[in-house]
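Visitor: Sequence:
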Amino acid sequence: QNHPQFEIAEYADILCGPLSSIQRLQAKYGDSKEYWLYENGFPFTLGQSEIIPRSMPLRGRQANLAGYHQWSSCFWGTEKKDGKFRPGYFHGTAAVYYPPEFGRKGVPVRSLRLINCAQGIIDFDSVAMLEKLIAAAPESVDSKEAAEYLKQKMENNA
Numbered sequence: 005q006n007h008p009q010f011e012i013a014e015y016a017d018i019l020c021g022p023l024s025s026i027q028r029l030q031a032k033y034g035d036s037k038e039y040w041l042y043e044n045g046f047p048f049t050l051g052q053s054e055i056i057p058r059s060m061p062l063r064g065r066q067a068n069l070a071g072y073h074q075w076s077s078c079f080w081g082t083e084k085k086d087g088k089f090r091p092g093y094f095h096g097t098a099a100v101y102y103p104p105e106f107g108r109k110g111v112p113v114r115s116l117r118l119i120n121c122a123q124g125i126i127d128f129d130s131v132a133m134l135e136k137l138i139a140a141a142p143e144s145v146d147s148k149e150a151a152e153y154l155k156q157k158m159e160n161n162a
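Here the sequence shown is numbered in our numbering, starting from 5 and rising by one per residue.
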């Protein structure tokens, strides 16, 4: 994953991988390709700071990514043949939903990972809305102040 296959990338329009690969691909292909981030569950695993799933949308925006692919976020497994989910079992640690047995009958339970990721999408949308407001009146004092604030915040969080 950290060593992109350039001979394959030559024939693809959309390239997907971890950020280290994407940066190498972007250096070679620039804007001629569409890039998606793929982190295989890492941002959602147990023990990770809640800021990691929340920051993913803005990190992707800063890296000019078109999307995010999460392989293991909706998978849970069972240790034994009894069919019962056990927290902490393999990819279940990265689940954004937990099985219905932990909540109301038949309704999956939302994880804090899901809530933090949703907050990240709201952050992303807020930045996009602010940029549209700035673009609508770029010469206004409020727009200039908002643009400077946004620039500082985005650069400090890169």
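No lab work stands behind these hints, which were simulated from the structure alone.
It is possible that part of the hints are untrue.
25 Å max Cα-Cα, derived SDA-like pairs, lysine to any residue [stated by the list, open to error]:
id: 1; residue 1: K136; residue 2: G64
id: 2; residue 1: K136; residue 2: Y153
id: 3; residue 1: K155; residue 2: Y15
id: 4; residue 1: K157; residue 2: G64
Visitor: Hints first: check each against the structure and report whether it holds.
Guide: The hints, checked one at a time:
no., hint, result
1, K136 / G64, "holds, 19 Å"
2, K136 / Y153, "holds, 15 Å"
3, K155 / Y15, "violated, 36 Å"
4, K157 / G64, "holds, 15 Å"
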